[in-house]
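Engineer: Take a look at the letters that make up each chain.
There are 2 protein chains.
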Amino acid sequence: MTDVNVSGLSIGILGGTGDQGKGLARRFALAGHPVLIGSRSAGRAQEAAETIGEGARGAANADVAKEADLVIVAVPYEGHKALLESLRAELAGKIVVDCVNPLGFDKQGAYALPVEEGSAAQQAAAVLPDSRVVAAFHHVSAVVLLDPAVDKVDLDVLVLGDDREATETVQALAAVIPGVRGVYGGRLRNAHQVEAFTANLISINRRYKAHAGLRITDI
Amino acid sequence: MTDVNVSGLSIGILGGTGDQGKGLARRFALAGHPVLIGSRSAGRAQEAAETIGEGARGAANADVAKEADLVIVAVPYEGHKALLESLRAELAGKIVVDCVNPLGFDKQGAYALPVEEGSAAQQAAAVLPDSRVVAAFHHVSAVVLLDPAVDKVDLDVLVLGDDREATETVQALAAVIPGVRGVYGGRLRNAHQVEAFTANLISINRRYKAHAGLRITDI
Numbered sequence: 001m002t003d004v005n006v007s008g009l010s011i012g013i014l015g016g017t018g019d020q021g022k023g024l025a026r027r028f029a030l031a032g033h034p035v036l037i038g039s040r041s042a043g044r045a046q047e048a049a050e051t052i053g054e055g056a057r058g059a060a061n062a063d064v065a066k067e068a069d070l071v072i073v074a075v076p077y078e079g080h081k082a083l084l085e086s087l088r089a090e091l092a093g094k095i096v097v098d099c100v101n102p103l104g105f106d107k108q109g110a111y112a113l114p115v116e117e118g119s120a121a122q123q124a125a126a127v128l129p130d131s132r133v134v135a136a137f138h139h140v141s142a143v144v145l146l147d148p149a150v151d152k153v154d155l156d157v158l159v160l161g162d163d164r165e166a167t168e169t170v171q172a173l174a175a176v177i178p179g180v181r182g183v184y185g186g187r188l189r190n191a192h193q194v195e196a197f198t199a200n201l202i203s204i205n206r207r208y209k210a211h212a213g214l215r216i217t218d219i
Numbered sequence: 001m002t003d004v005n006v007s008g009l010s011i012g013i014l015g016g017t018g019d020q021g022k023g024l025a026r027r028f029a030l031a032g033h034p035v036l037i038g039s040r041s042a043g044r045a046q047e048a049a050e051t052i053g054e055g056a057r058g059a060a061n062a063d064v065a066k067e068a069d070l071v072i073v074a075v076p077y078e079g080h081k082a083l084l085e086s087l088r089a090e091l092a093g094k095i096v097v098d099c100v101n102p103l104g105f106d107k108q109g110a111y112a113l114p115v116e117e118g119s120a121a122q123q124a125a126a127v128l129p130d131s132r133v134v135a136a137f138h139h140v141s142a143v144v145l146l147d148p149a150v151d152k153v154d155l156d157v158l159v160l161g162d163d164r165e166a167t168e169t170v171q172a173l174a175a176v177i178p179g180v181r182g183v184y185g186g187r188l189r190n191a192h193q194v195e196a197f198t199a200n201l202i203s204i205n206r207r208y209k210a211h212a213g214l215r216i217t218d219i
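For the protein sequence lines, the chains are W and B, in the order given. Residue 31 in the numbering used here sits at position 31 of the first sequence, with consecutive numbering throughout. Residue 106 in the numbering used here sits at position 106 of the second sequence, with consecutive numbering throughout.
Please keep in mind that the hints were generated in silico from the structure rather than gathered at the bench. It is possible that part of the hints are untrue.
Note that identical chains are pooled: a pair holds if it fits in a single copy or bridges any two copies.
Claimed, not checked - Straight-line distance between alpha carbons at most 35 Å, and here's what the computed DSBU-like set of lysine-lysine pairs gives:
| # | residue 1 | residue 2 |
| --- | --- | --- |
| 1 | Lys209 | Lys66 |
| 2 | Lys209 | Lys152 |
| 3 | Lys94 | Lys209 |
| 4 | Lys81 | Lys152 |
| 5 | Lys81 | Lys107 |
| 6 | Lys66 | Lys152 |
| 7 | Lys107 | Lys94 |
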């Protein structure tokens with residue numbers, strides 16, 4: 001969907017010890033990218049990197065934010081704003097990819113949490129005025145990404161943002177995962193519903209016993 | 001995705017003179033359903049029914065609401081609440097399918113409007129406590145539904161609601177359109193993001209010159 005060249009780009013993943021972050025780390029490392037896993041604890045980040053192998057390294061979030069070319073934010077929503085506020089200087093000038101889904105859970109399943117800024121991605125953009133914030137990778141299934149038996153992932157990654165060069169870079173990055181297309185999905189102001197749609201995918205997974213994803217038709 | 005039998009079910013479409021309503025009317029009539037197109041003006045409804053043919057009839061919204069077995073709400077969001085309030089008695093006991101997308105438009109494209117009740121579908125449920133409100137058909141392309149050259153529509157219709165028999169009926173109804181699957185998409189409290197996602201599809205259509213729709217993978 002775009003011909004931007006992302007080969008050699010180093011990818012940092014804040015919150016890379018969680019399932020979503022670890023799954024993405026594994027796929028980017030398999031595609032030949034230098035991958036840096038970040039965590040509050042450098043030790044836990046290194047342990048996660050070892051389980052992934054493929055040359056992935058682990059470090060404290062701040063070191064990852066400083067070193068990586070492009071930084072993915074895969075932390076739980078609760079800690080999202082405070083973490084980004086603490087890394088404003090390290091993330092200045094960089095493409096920051098937010099894949100956080102602000103969701104609540106109760107007996108009836110998942111539901112979208114209200115976010116004062118509109119969405120986690122808009123919260124990131126508000127906190128990081130000197131970064132190039134893009135929203136993407138909301139609907140990836142950690143189970144699928146981490147499964148060595150899955151060599152092709154049946155998914156379109158929706159990429160949202162107001163900076164065209166940045167969104168095209170992230171579209172190209174999504175496409176390094178075999179089977180995945182990176183599809184432009186609109187401006188950041190339309191990120192809320194993409195984040196919240198993860199609640200619907202969770203409902204679909206429950207009903208159909210699946211690891212559901214999205215494909216966009218006619219493109 | 002469900003084996004509910006909907007053959008012979010008569011379908012009323014409030015706001016059936018708009019493109020989305022007319023497109024759905026055409027496909028349900030082609031599938032052999034008695035179709036009743038509703039409008040504020042019975043005359044305009046009859047004109048729309050004639051352009052569709054296939055036995056479709058037109059009448060005033062209130063008559064359609066009273067007569068049809070199942071009623072689809074395809075009016076512009078602006079008139080949504082007032083229309084439903086005026087038809088509470090006629091719609092009591094029936095499955096009411098809301099496919100309204102509360103969107104605003106400006107130079108940068110479409111965006112989701114805030115809805116006090118959470119979503120148009122939840123607004124319908126609040127206004128119609130005696131009806132069985134289901135949300136569906138948000139992402140259908142009127143152009144595709146009305147195109148006689150398109151015999152198969154490449155789309156999953158997400159069907160949301162809290163009444164399982166009602167959602168399964170609407171899933172089966174969606175599936176009478178060739179190519180379409182009716183997929184359960186969660187409870188009504190998760191309807192907002194499905195309605196709002198139409199703004200993203202509009203962005204995708206602009207970028208890729210397409211009539212984009214959704215497919216859910218792994219089900």
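Engineer: May I ask which of the numbered hints given earlier this structure violates, with the numbers listed in increasing order?
Structural biologist: Hint 1 contradicted; others consistent.
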